[in-house]
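Engineer: The chain contents come next:
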Amino acid sequence: MAFERLQAELARQGYVAGPDLAMALHLALVLGRPLLLEGAAGVGKTEVARALAAAKGCELIRLQCYEGLDAAQAIYEWNYQRQLLAIRAHAEAGETGAAVEARLFSADYLLERPLLRAIRQPVAPVLLIDEIDRADEEFEAYLLEVLSDFQITIPELGTITATTRPMVILTSNGTRDLSDALRRRCLYAHVDYPDPATELAILQARCPGVGQALGRQIVGFVQALRREDLEKKPGVAEMLDFAAALAGLGLADLTDDPAILQAALATLLKTQGDRAGITTEVAQRLAGRAA
Amino acid sequence: MRGGVTRFAARDDGPMARVAGFMAHLRANGFRLGIAETETALAALAALPADEASVRRALKAVACGCAEDWARFDAVFDSYWRNGGRVRTKAMPSAGRPAPPRNSRGAEGRSESGGGKADAPDRSTDGDSEAGGEGRLIASTIRNLMKRDLREVVSPEDIRAAERVALRLGQALRDRRSRRARADRRGARIDLRRTIRAALSTGGEPLRLARKRRPDRPVRISALVDVSGSMTLYARPFLAFLAGLMRADARADAYLFHTRLVRITEALRDDDPLRALNRITLLADGFGGGSRIGAALDQFATTHARRFVNGRSVVMILSDGYDSAPSDQMEQAMARLSRRGCRILWLNPLKGWRDYAPVAAGMAAAMPYLDLFASAATLDDLAALEQELARL
Numbered sequence: 135m136a137f138e139r140l141q142a143e144l145a146r147q148g149y150v151a152g153p154d155l156a157m158a159l160h161l162a163l164v165l166g167r168p169l170l171l172e173g174a175a176g177v178g179k180t181e182v183a184r185a186l187a188a189a190k191g192c193e194l195i196r197l198q199c200y201e202g203l204d205a206a207q208a209i210y211e212w213n214y215q216r217q218l219l220a221i222r223a224h225a226e227a228g229e230t231g232a233a234v235e236a237r238l239f240s241a242d243y244l245l246e247r248p249l250l251r252a253i254r255q256p257v258a259p260v261l262l263i264d265e266i267d268r269a270d271e272e273f274e275a276y277l278l279e280v281l282s283d284f285q286i287t288i289p290e291l292g293t294i295t296a297t298t299r300p301m302v303i304l305t306s307n308g309t310r311d312l313s314d315a316l317r318r319r320c321l322y323a324h325v326d327y328p329d330p331a332t333e334l335a336i337l338q339a340r341c342p343g344v345g346q347a348l349g350r351q352i353v354g355f356v357q358a359l360r361r362e363d364l365e366k367k368p369g370v371a372e373m374l375d376f377a378a379a380l381a382g383l384g385l386a387d388l389t390d391d392p393a394i395l396q397a398a399l400a401t402l403l404k405t406q407g408d409r410a411g412i413t414t415e416v417a418q419r420l421a422g423r424a425a
Numbered sequence: 037m038r039g040g041v042t043r044f045a046a047r048d049d050g051p052m053a054r055v056a057g058f059m060a061h062l063r064a065n066g067f068r069l070g071i072a073e074t075e076t077a078l079a080a081l082a083a084l085p086a087d088e089a090s091v092r093r094a095l096k097a098v099a100c101g102c103a104e105d106w107a108r109f110d111a112v113f114d115s116y117w118r119n120g121g122r123v124r125t126k127a128m129p130s131a132g133r134p135a136p137p138r139n140s141r142g143a144e145g146r147s148e149s150g151g152g153k154a155d156a157p158d159r160s161t162d163g164d165s166e167a168g169g170e171g172r173l174i175a176s177t178i179r180n181l182m183k184r185d186l187r188e189v190v191s192p193e194d195i196r197a198a199e200r201v202a203l204r205l206g207q208a209l210r211d212r213r214s215r216r217a218r219a220d221r222r223g224a225r226i227d228l229r230r231t232i233r234a235a236l237s238t239g240g241e242p243l244r245l246a247r248k249r250r251p252d253r254p255v256r257i258s259a260l261v262d263v264s265g266s267m268t269l270y271a272r273p274f275l276a277f278l279a280g281l282m283r284a285d286a287r288a289d290a291y292l293f294h295t296r297l298v299r300i301t302e303a304l305r306d307d308d309p310l311r312a313l314n315r316i317t318l319l320a321d322g323f324g325g326g327s328r329i330g331a332a333l334d335q336f337a338t339t340h341a342r343r344f345v346n347g348r349s350v351v352m353i354l355s356d357g358y359d360s361a362p363s364d365q366m367e368q369a370m371a372r373l374s375r376r377g378c379r380i381l382w383l384n385p386l387k388g389w390r391d392y393a394p395v396a397a398g399m400a401a402a403m404p405y406l407d408l409f410a411s412a413a414t415l416d417d418l419a420a421l422e423q424e425l426a427r428l
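Protein chains in written order, with our numbering: chain D, 135 to 425; chain E, 37 to 428.
A hint or two may mislead.
[Unchecked claim] So the derived list for chain D, only partly shown, Cβ under 10 Å to chain E, looks like this:
{"no.": "1", "residue": "A136"}
{"no.": "2", "residue": "R139"}
{"no.": "3", "residue": "E143"}
{"no.": "4", "residue": "R146"}
{"no.": "5", "residue": "P153"}
{"no.": "6", "residue": "A162"}
{"no.": "7", "residue": "C192"}
{"no.": "8", "residue": "E193"}
{"no.": "9", "residue": "R196"}
{"no.": "10", "residue": "Y214"}
{"no.": "11", "residue": "H224"}
{"no.": "12", "residue": "E271"}
{"no.": "13", "residue": "D311"}
{"no.": "14", "residue": "L383"}
{"no.": "15", "residue": "A386"}
{"no.": "16", "residue": "D390"}
If you are wondering where the hints come from, they were derived from the structure by calculation, not from laboratory data.
For glycine and all other residues, C-beta sits at the position ideal for the given N, C-alpha and C.
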């Protein structure tokens, strides 16, 4: 089936997608709709876009949202420095008026930002709009406009229509609610922390050097750790760091050396409170259960 | 679709109507879906093999819009396609409108909130809910206020005074986070785009620097006033304040709540202040009864707030925080509300009392989500808030 083929393609890129997510991605590709991914930080939302772009062999264009993101950073900006220089150069050459103006506001002096770049690609790229919940509502509204028409109007140049329709993936950490209008425009998938089997598959795909037994222990340990009362639960990327750290420190079994395990926890626990909460005893208990 | 476990009636209208019926079923279960989603669902199903797993996942991707929907979807799906239990609606060929609310009183006048009605809390105990909780500071006045006319509570003079206060508060509450720069001769930043265009006429010398600045944006105020029994003493200034606010600020929104939530924005905008109060009296049936703040706020957060509250909004709650329902509902409602990105002010008339501590369970649950917790019992108190609001 088609969505399973996509799942396999993603797996070849080292991304293990659950069936729900694979189906949502497949539908987004088939129907040409944007896909909104929600879920906690560190579950691999951003990674989906990278893997999809690699699987499709197309470019990944990323727009990182942040509070205060404006059109000049998201869509386009004129290259003012070059324009100023060009005006002087033209003046020395004796050119004037309309000719200069036409040249100054031509595509040569346009700085493409991600949204404009995404619709002007010869091959449809993957456009990743990361952490859309951090941008403000005005930007969200603008984005809606771009996502429905796939055209951008620049007063000096006119309307630029998409040469190809990018595959759009939006991610959100849920720090604020998105507008219903945006949600309704998109297909939706909620990405959760992977179950043990999936996480083990991810670990084996990304860190083939880690042995089967240790891999199972690592996954069991991290899964148990997520059930603890933590401020910031370790994501998949942290789990991979943890595995790499253990492999680098030469640990073959989690329960072998409490000191090394405690040191390696630096890759999983990123706040002072969490470090203090997971003492050596707690870590050993979790490791013992995972073993 | 074939091989579905639910047995449909012989006069069933085919797969398309069944999908439409399923979308209506989702709507009845609180999913926010329109015709466009049904179209997308049909397009998605047309592109997929017709086995149950594919159909389930495809409809999930199309119909869900948030994490809550995502978590509930499978159960709702099973209940429809597998006759697993809570089937509320049948497959109906014309599934354009959401199912009517269970309780006819949920119609709420003309409070045109589109979806979400299914989330409305159960109001079956409307009249007698002052029996529970500790919301009975002035228990003796509860009964006779049940049928009291609001015109006795608020006079037109009050409203005129309140209008001035509301105007000043509205001006104090400015949002300074605008991202769109506007041309301004004395702005702080240089508008390079205009400067360069102007420079063309002076041979490339930017003689005149065009400037821009970020304008202040007014915020949208949503005010929710508790008119339950324990708040009777304070209803007068607060209602006057609401009426004044509506007159001073065309974008503000007003609600009353006691055991349920009523949107009174339209009523308060009536040209004639007296007629406005009349209309509210009709809407606010149950005025002076018990309070279910958590339920009312939750209703607000899931219905009106989705349309009217965003990151530029200020939600102003005027209540004493005495809730007759458990506090976890309040907690959930406040969490949901604060996720809209708004600022939340809670003005509590009791806070002015000596030795007041927010010990009422509901109030304590709400505290972490508040941007400002202040005392306000009279119109003067509200006017005095101007300074604090400007600092927000």
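Engineer: Take the hints in turn and mark each one as holding or not.
Structural biologist: Here is what the structure says about each hint:
1. Annotation: interface hint on A136/D holds; nearest CB of chain E at approximately 8 Å, less than 10 Å.
2. Taken as an interface hint, R139/D does not check out: its beta carbon lies about 12 Å from the nearest beta carbon of chain E, beyond 10 Å.
3. Restraint check, E143/D versus chain E: the minimum CB separation of about 17 Å is more than 10 Å; hint violated.
4. With 10 Å as the threshold, the beta carbon of R146/D stays out of range of chain E, its nearest partner Cβ sitting at about 21 Å, so the hint is violated.
5. Interface hint status for P153/D: upheld, as the beta-carbon distance to the closest one in chain E is roughly 6 Å, under 10 Å.
6. For the restraint placing A162/D at the interface with chain E, the shortest Cβ-Cβ distance is roughly 8 Å, inside the 10 Å limit, so the hint holds.
7. Violation of the interface hint for C192/D is found here, the shortest Cβ-Cβ separation to chain E being roughly 21 Å, above the 10 Å cut-off.
8. The closest approach between the C-beta of E193/D and any C-beta of chain E is roughly 25 Å, which is over the 10 Å cut-off, so the hint fails.
9. Because the smallest distance between the Cβ of R196/D and any Cβ of chain E comes to about 20 Å, over 10 Å, the interface hint for this residue is violated.
10. Annotation: interface hint on Y214/D holds; nearest CB of chain E at approximately 4 Å, less than 10 Å.
11. Given hint, H224/D at the interface with chain E, holds; its Cβ is 7 Å from that chain's nearest Cβ, closer than 10 Å.
12. Residue-level restraint check for E271/D holds (minimum Cβ-Cβ distance to chain E is 5 Å; threshold 10 Å).
13. A distance limit of 10 Å between C-beta atoms decides the matter here; for D311/D the minimum to chain E is near 5 Å, and the interface restraint holds.
14. At its closest, the beta carbon of L383/D sits 37 Å from a beta carbon of chain E; the interface hint therefore is violated under the 10 Å criterion.
15. With its C-beta approaching chain E no nearer than about 39 Å, A386/D sits outside the 10 Å limit, and its interface hint is violated.
16. With 10 Å as the threshold, the beta carbon of D390/D stays out of range of chain E, its nearest partner Cβ sitting at about 39 Å, so the hint is violated.
In the structure shown, a violation is registered for the earlier hints numbered 2, 3, 4, 7, 8, 9, 14, 15 and 16, in ascending order.
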